[in-house]
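So the protein sequences, as listed, match chains A and B. At the far end of the first sequence sits residue 730, using this note's numbering, and the numbering has no gaps. At the far end of the second sequence sits residue 446, using this note's numbering, and the numbering has no gaps.
There may be inaccurate statements among the hints.
Stated by the list, open to error - Derived DSS-like pairs: lysine-lysine, alpha-carbon spacing no greater than 30 angstroms straight-line:
hint : chain 1 : residue 1 : chain 2 : residue 2
1    : A       : Lys665    : A       : Lys676
2    : A       : Lys672    : A       : Lys684
3    : A       : Lys684    : A       : Lys722
4    : A       : Lys672    : B       : Lys351
5    : B       : Lys345    : A       : Lys665
6    : B       : Lys349    : A       : Lys665
7    : A       : Lys676    : A       : Lys722
8    : B       : Lys349    : A       : Lys722
9    : A       : Lys668    : A       : Lys684
10   : A       : Lys668    : B       : Lys391
Claimed, not checked - Residues of chain B clear of chain A, computed beta-carbon distances all greater than 12 angstroms:
hint : residue
11   : Gln340
12   : Lys345
13   : Glu348
14   : Lys349
15   : Gly350
16   : Val353
17   : Arg356
18   : Ser361
19   : Gln371
20   : Asn386
21   : Arg398
22   : Ser400
23   : Thr404
24   : Ser433
25   : Thr446
Unchecked claim - Derived list of chain B stretches under chain A, where covered just means 3 residues or more per stretch with a C-beta under 8 angstroms from a C-beta of chain A:
hint : stretch
26   : 362 to 370
27   : 438 to 445
Treat the hints as calculated values from the structure; they're not laboratory data. Please read these numbers as outputs of a predicted model, since none were measured by experiment. Just so you know, even glycine gets a beta-carbon here, dropped at the ideal spot from N, CA and C.
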Amino acid sequence: GDSVTQMEGPVTLSEEAFLTINCTYTATGYPSLFWYVQYPGEGLQLLLKATKADDKGSNKGFEATYRKETTSFHLEKGSVQVSDSAVYFCALSDPGGGADGLTFGKGTHLIIQP
Amino acid sequence: GAGVSQSPSNKVTEKGKDVELRCDPISGHTALYWYRQSLGQGLEFLIYFQGNSAPDKSGLPSDRFSAERTGGSVSTLTIQRTQQEDSAVYLCASRQVRSEQYFGPGTRLTVT
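Excised from the complex, chain B in its bound form (with noise of 0.2 angstroms):
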């Protein structure tokens, strides 16, 4: 069946822009992560849902980061006013209770 799906896969803004970024979880599962990729700090969580529920948001690296879950199923994490360092890869997983994550292909995020 279909994987995690991110999209875009790229996205290139300005300082000081809004950025949505979107994934579409494997149908069926009911947890959902954010996580970023950058050179610097490697791999970090950021938040989590299950269904639409993100009992711990103390990963998000600042108050310009936020994220939502629809209908268990969609999540968007949306970082305002961006900066040069928000520049990194994006990922999302999902998965079933007590199974392993999946993992999507991420949104490259460039700041220019």
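Chain A on its own, in the form it takes in the complex (with noise of 0.2 angstroms):
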């Protein structure tokens, strides 16, 4: 079946530090990947999102860029904040293998220090 597996951390870094969370997927089909963002107290919120080979994602500074030939789709960002701080999700979504659900990595616990 489809599976993502993602660094667990946790990941610390001081302010404005380079970051990268690596990603990558294994899928039957051919999937859309994402990266969500749970920051402490809250819910799950859609970071970016890719839909077909070599899209780059980005939002709020970060990218990611849909790499079909190395099935990854790793995290970065140039220069952190202490803001950053929270869990990163990569998941995928491959309505070809079946069920219409997201397949999520166990997530990065990243925390950025002033």
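Got two chains here, each in a separate frame; can you build the complex from them with the hints?
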């Protein structure tokens, strides 16, 4: 079945550091890829998405590129802020695989220190 | 407009009791999803509805779990004879065709 693998952390960085959170996937069909973010005490929010190979999703300074050849969707940000501290989930949607729900990675807890 | 709402926000129940969790999707959203978030398993997809129909129930963890949706709107997830391993946050999401899923705040279920 479909699966998503991401680094679990916690990842601790200093403010203004460069961030990369790796995400790789396996899917039977041609999935859409997502990054969701969960801030402390809040619900899941969509951060960015990409629906086909080589698409780049971007939002709030975060970027991720859909790489079909490496089955990856790594999340990057050039300069993180304390307010970016949250749990980040990589996910895929693969209706061709049967169910229409999202398959999530286990989440990466990001801690940004001032 | 209003987002996805879930009730109750917290539920503590004794092992063996039945519980009902409710989800109110965003108005006009045709698809509705249930997920479970637990420490051991992360975020798991349980079931989805297109209108009132659930095409695939294989994601439900056991036959103690059931879900229904009426009027193309509100959905209820029912867990019968709760067990301690059912303790988790249950998330609901909804979406329109070709849009992303919007998540509710979740119901934290604790089985004692």
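Now the hints, each set against the structure:
At roughly 13 angstroms between alpha-carbon atoms, Lys665(A) and Lys676(A) fall within 30 angstroms of each other, so this suggested pair holds. Pair hint Lys672(A) plus Lys684(A) holds up; C-alpha atoms about 12 angstroms apart against a cutoff of 30 angstroms. Between Lys684(A) and Lys722(A), the direct Cα distance comes to roughly 21 angstroms. Compliance with the 30 angstroms bound is thereby established for this hinted pair. Taking the CA atoms of Lys672(A) and Lys351(B), the gap is near 47 angstroms; set against the 30 angstroms cutoff, the hint is violated.
Between Lys345(B) and Lys665(A), the direct Cα distance comes to roughly 33 angstroms. Violation of the 30 angstroms bound is thereby established for this hinted pair. Between the alpha carbons of Lys349(B) and Lys665(A) the distance comes to roughly 40 angstroms, so the proposed pair goes past 30 angstroms and is violated. Between Lys676(A) and Lys722(A), the direct Cα distance comes to roughly 22 angstroms. Compliance with the 30 angstroms bound is thereby established for this hinted pair. Distance check on the hinted pair: Lys349(B) and Lys722(A) sit about 27 angstroms apart at the alpha-carbon level, within 30 angstroms; holds.
For a cut-off of 30 angstroms, the pair hint linking Lys668(A) to Lys684(A) stands: about 8 angstroms separates their Cα positions. A threshold of 30 angstroms between alpha carbons decides the hint, and for Lys668(A) with Lys391(B) the separation of about 28 angstroms falls inside it, so the pair holds. The beta carbon of Gln340(B) sits about 9 angstroms from the closest Cβ of chain A, which is not more than 12 angstroms, so the claim that it is off the interface is violated. For Lys345(B), the requirement that its beta carbon stay farther than 12 angstroms from each beta carbon of chain A is met, with the minimum near 17 angstroms.
Against the 12 angstroms criterion, Glu348(B) stays outside the reach of chain A, whose nearest CB is about 27 angstroms from its own CB. For Lys349(B), the requirement that its beta carbon stay farther than 12 angstroms from each beta carbon of chain A is met, with the minimum near 27 angstroms. Even its closest Cβ contact with chain A, about 29 angstroms, leaves Gly350(B) beyond 12 angstroms, as expected for a residue assigned away from the interface. Residue-level check passed: Val353(B) sits 20 angstroms from the nearest beta carbon of chain A, beyond 12 angstroms.
Every CB of chain A is more than 12 angstroms from the CB of Arg356(B) (nearest about 16 angstroms), matching its label as outside the interface. Ser361(B), annotated as away from the interface, keeps every beta carbon of chain A farther than 12 angstroms; the closest lies near 18 angstroms. For Gln371(B), the requirement that its beta carbon stay farther than 12 angstroms from each beta carbon of chain A is not met, with the minimum near 9 angstroms. For Asn386(B), the non-interface assignment is confirmed: its Cβ lies about 15 angstroms from the closest Cβ of chain A, beyond the 12 angstroms cut-off.
With a minimum CB-CB distance of about 20 angstroms to chain A, Arg398(B) clears the 12 angstroms threshold, and the non-interface call stands. No Cβ of chain A approaches the Cβ of Ser400(B) within 12 angstroms, the least distance being about 17 angstroms, so the stated non-interface status holds. Look at Thr404(B): its CB is around 20 angstroms from the nearest CB on chain A, clear of 12 angstroms, so calling it non-interface holds up. In this structure Ser433(B) is not separated from chain A by more than 12 angstroms, as the shortest Cβ-Cβ distance comes to only about 10 angstroms.
The beta carbon of Thr446(B) is kept farther than 12 angstroms from every beta carbon of chain A, the shortest such distance being approximately 23 angstroms. Counting residues of the stretch 362 to 370 of chain B whose C-beta lies closer than 8 angstroms to any C-beta of chain A gives 3; at least three are required, and the coverage claim holds. Here the stretch 438 to 445 of chain B counts 3 residues with a CB under 8 angstroms from a CB of chain A, which clears the bar of 3, and the coverage holds.
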